[in-house]
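*Asks:* In the order they appear, the protein sequences are chains W, G and A.
Residue -13 is where the first sequence starts when you use my numbering, and the numbers rise one by one after that.
Residue 1120 is where the second sequence starts when you use my numbering, and the numbers rise one by one after that.
Residue 24 is where the third sequence starts when you use my numbering, and the numbers rise one by one after that.
Treat the hints with caution; some may be incorrect.
Stretches of chain G that chain W covers, calculated by requiring three or more beta carbons in the stretch to come under 8 Å of a beta carbon on chain W [what the hints assert, rightly or not]: (1) 1169 to 1176; (2) 1185 to 1193; (3) 1319 to 1327.
Derived BS3-like pairs: lysine-lysine, alpha-carbon spacing no greater than 25 Å straight-line [to be verified]: (4) A:K113 with A:K142; (5) G:K1158 with W:K430; (6) A:K113 with A:K94; (7) W:K220 with G:K1158; (8) A:K113 with A:K143.
Derived from the structure by calculation, the hints contain no laboratory data.
For every residue, glycine included, the Cβ atom is placed at its ideal position computed from N, Cα and C.
The chain contents come next:
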Amino acid sequence: MKAVLRIVLGYFSMLPLQRWVSGAGAAMLAIGVLLTLDTGDTETAIKMTFAIALPGATLTALMPLAAGGIALRFVSSRSLLHLRPHGRICVLLGSTLAIALLAALMALPIMAMHHVFVVGGMRRLPESLHPATWFLGTAVYTVVIWLTVFTLTASRFTLFGTPLLVLAPVVFIRAHPPAWIIAAILSAWLIFSLWYWRVRRINRPHWTSGGLASDFGNFTIRPLERLASGRAGKSAATTHYLLGAPFLTYLAIGAFLALLALVMWRLMPPQNVIGVNPLTSLTAVPIIGVLGWLVLRRARCLWLRAGLNRGALFRMAEGTGLAAALGTYCIAALILLAFAIPGRQQMVLKMTLYAGTFGLLTACVFYFSISLTRSWNAEDLALGIGIFALNIAAIIACNSTGRATFSPVLVPAWIAAGIFALLALLLRWHAMRRWRALDWRVAKLPRASQP
Amino acid sequence: MSEATVSIRDLGKSFGGRAVLSHISSEVRPGDVVGVIGKNGAGKTTLLETVLGFSPPSSGSARIFGEDCLGMSAAVKARIGFVPQQDELLPTLNGRAQLSLTGSFYRHWDKALLERLAREWEVPLDRRASTLSGGERQKLSTLLALGNRPDLLVLDEPVASLDPLARRRFLQQLLEIASDSSRAVIFSSHIVSDLERVANRIWIVREGQLLWDGETDALKQSVRRLHVRAHHALPASLGFSRAPLSERRGPDGRTATVTVRDCSEQEVHATAARLQADIESEGLGLEDIFLEIHA
Amino acid sequence: MFILDPHSSVPIYQQLVEQVRRLVVGGQLAAGTELPSVREMAQEHTVHPMTISKAYSQLEAEGILERRRGKPMAVAEQKKGHSSRAARLKQLEPQLEQLALSARQLELSAEEVIEQLKKKLGDRS
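So here's chain W without its partners, still in its complex pose (with noise of 0.2 Å):
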């Protein structure tokens, strides 16, 4: 029993920081909640539910979703369970009760605001805002996002369907989720649970596999076998060790992108077609990310045989690591603009521009995953969600009303772009400085022992 208890506590602090961001979320949380049923008036239980108690329970919420379902799979590896008596078992109720729990947060503030209105005698609320709706919608997202997640990490090739966790949400965001994709999901976990109990083996999460980590792919394409064959150039070399595998590869992620972002365009409304751009940012985020934050830790491989000092090291690793990321979001955006383009002729200059844009708000996001020279700290997290939240808000900020129009409802593009760009120039800098003092021995590549 203890045991299982350790483990719903420890799907809500195995971050860094997030203990403090859990607390200030469940604060905000009791606080929103105790006003609300503190007032009786519904117009302020509505301002304090979705101004202070919901914001709260999704701080407390964000975390454990996002990286349960890695955690998952790290704390289901055989060195780590296999000798325990009723491991699996112990992670299976702990992980039921964790995704019980995140469902309850999210439906709190939503029970207190309905106890409001029913004490009130007052207007019935919609569907949508009901406590069983809210626990019963979380629960089903978490599942849907912690196996996913779980599935992805699988190997190096399930990574691929990455983006698939970004836009998914996207598409399913609309009115409470039927009660058959409830029953589906709900029984996908049960099936699931009986799998996990009977598995011979769970691998750990791909991305930590030995090695220098996140080497896309065995490919057999030219350029290995050229370095194998030692006629390669220093160029090559370099572009190895940085990237973990040929240029080539992180343009086919860009198609691949590209691809998802068609299949979503076809659900989403034609009218939209200026949104499926920096929906492709988005996805993308998540990739070059992490490709900032590779490159910065193996460049430690290129410190003394690259014979550079830190400044030219990483004028390096930014040429290297913003062609590969840029390359994938161009890839994307071109294939994109050449399905959206043909019927809309006139509006070639304003969605090229939009492209434009966000591939600018793309190199603001590698540059901000560059300079992450430390293990996370305040001043990245504020940093990362201060960026994430651009991303978002410039998102909403060019998605068009008009049909016949393209205008923003917000910003028009060039102002936007010019913004990115000088966020991009002043993320450089940061970057560089930090580079300055940049420590390998803190910024190591994850290790796992071998399996």
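We have chain W; now place chains G and A onto it with these hints.
*Replies:* Quick look at chains G and A alone, frame taken from chain W:
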């Protein structure tokens, strides 16, 4: 007098307020083979990586071939070979590809030497690095550092996963390098017996400080274990001029085993006379010295 | 020819010096005998070459070995005094010290010990 290969002055390193290294000063000259020993967590890896510039020092400085470790020129870096504790092999490449990948950075890359050593050490070059055993990976890592015929070779626990035969072959290669009096080697290892053979200087790192920095022979001559036997109870303090490294009393209070450092023969005789006891002096091997220091 | 123990408390160079000295003084190494080169010795025993050259240098300083150009170190012509009685007795010093200490610990008198020693030596003569 030739220029020092490595020159460390009052080096200090802290992580988040915790001092991992403090006041380390030493020199490595061409022709030296320096063995670094210390408990786990004493700071050996941090010392080696800070000296090589992977980690900026918090205080003090380290110079390699006359240049500051953080700002080494390409020419200086080309003369260094480093074998890290955790290997940096790319999992999808085989040994041959790794070697040529590394070799493309250096102007002088001795392929013939590496082929010969790969044969002698039985390192499979045609299999992917992810399929090699721990020992084979370590051997391959070491080969990667030898290709540019470095004038300074730094190895961090290079033999931890090797069987005795592989270790012996590795040591013989190390001695080949040592015979060339213009090259220097620094290597840290837990296997003290290897260091006794091959190292002419020893660094003992304890809690981030350099407890001993000198010749192996001098260390063995300096640290001795004294067996004191008296007919009456011994006083609380035996009165050595320098505090002993360790002291153990017999149950009857009339015997004591003391490990001392830099205690001259005259002082031993004088102490024996003063305590009216027999003192028998015993030399210690390097492993025993290490244990006594950490007793 | 030589037995070198790197794990002993006696430094390797000192072991080599004592062994060479004993062999030369005892007459087993005649004058002019060539010793292996520094490199050969180091490879054979897997020890640092500097250790061997340190031993050789010390022996050269003591006059036991001599350096010859282009050829390996060789045993020097020993002056008469080197194989004198006094020198040979001096070689026994460490063992005599040990014997004396053990005798004291076992609380045996000098007469008893000498008695035993004579018997031992008597067996050999």
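*Asks:* Now tell me if each hint is right for this structure.
*Replies:* Quick rundown of the hints versus the structure:
1. 1169 to 1176: holds (count 6)
2. 1185 to 1193: holds (count 5)
3. 1319 to 1327: violated (count 0)
4. A:K113 with A:K142: This hinted pair holds, its Cα atoms lying about 22 Å apart.
5. G:K1158 with W:K430: Roughly 22 Å between the alpha carbons, so the hint for K1158 (chain G) and K430 (chain W) holds.
6. A:K113 with A:K94: violated (31 Å)
7. W:K220 with G:K1158: violated (39 Å)
8. A:K113 with A:K143: Judged against 25 Å, a Cα distance of about 20 Å means the pair holds.
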